Amino acid sequence: MLAGKLFVFLIVSLTSCCFRLPTFPEAKLVQEEVDALEEIARTLGSKYWKFNADTCEIEMVGVTQVPPKNSAQRIDCECNKGNNSDCHVTRMELKRYNLPGVLPTQLVNLPRLQVVDFAYNYLNGTLPREWASMQLTSISVVVNRLSGEIPKELGNITTLTTLSLEANQFSGTIPPDLGKLINLQELMLSSNHLSGNLPVSFAGLVNLTDL
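Under my numbering, the sequence shown has 9 at position 6, and the numbering climbs by one with no breaks.
There could be a bad hint or two in this list.
[What the hints assert, rightly or not] The calculated lysine-lysine pairs, modelled on DSSO-like cross-linking and capped at a C-alpha distance of 30 angstroms, are:
1. Lys72 x Lys98
2. Lys98 x Lys53
3. Lys31 x Lys98
4. Lys183 x Lys98
5. Lys53 x Lys72
6. Lys98 x Lys50
Keep in mind that the hints were calculated from the coordinates and are not lab data. Since the model is a prediction, treat every value here as computed from it, not as a measurement.
Full structure from sequences and hints, please.
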């Protein structure tokens with residue numbers, strides 16, 4: 004009887020020792036993107052910024068400690084499965100925060116970013132040409148104080164399905180290069196100071212349903 008119990012003990016011990024399931028580190032946003040988010044918030048004019056990299060949540064943002072009524076913020080992170088614990092930002096939304104800064108070129112430091120929504124703020128300056136190097140699917144900066152010409156380089160972001168620039172102070176003509184946005188479904192340009200006609204190249208925007 005004693006020999007039988009000893010045998011069972013040895014089997015259990017060997018199983019615990021040699022057949023443990025592998026453990027992986029908890030997924031977390033890479034530090035470079037944590038730093039980039041803070042730089043982006045400052046460029047947008049946010050006086051306060053507190054971000055939890057473990058949960059990928061904004062805990063404080065804006066020009067006041069108490070957020071304005073109807074404000075909305077959102078950060079989405081995508082984490083790789085398996086033994087790679089890196090997470091990356093895929094969406095950044097800061098709406099109705101009365102942000103007085105400029106659009107951040109530092110978005111390029113978020114390589115997996117797809118959706119940008121900085122609508123209903125007091126942002127000024129121009130649309131960064133640097134964004135043209137990204138694989139964005141949606142840009143919304145409606146109801147701000149942005150000015151200057153719409154960069155023709157935006158036509159290089161062929162992944163775009165939504166481009167909302169409505170209610171700003173953009174001027175000049177609509178760049179024909181936007182006709183290269185073959186996946187575009189929504190294009191909002193009204194309530195600006197744009198001149199001229201729609202480019203002939205827009206005839207190729209076969210997926211466009213809202214203009």
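Comparing the hints with the structure gives:
1. Lys72 x Lys98: Answer holds: lysine 72 to lysine 98 is near 11 angstroms, not above 30 angstroms.
2. Lys98 x Lys53: The hint holds at about 17 angstroms.
3. Lys31 x Lys98: With a Cα-Cα distance of about 25 angstroms, the restraint between lysine 31 and lysine 98 holds, given a limit of 30 angstroms.
4. Lys183 x Lys98: Answer holds: lysine 183 to lysine 98 is near 28 angstroms, not above 30 angstroms.
5. Lys53 x Lys72: It holds: about 19 angstroms lies between the C-alpha atoms, which stays within 30 angstroms.
6. Lys98 x Lys50: Satisfied, since the Cα-Cα distance of roughly 15 angstroms is no more than 30 angstroms.
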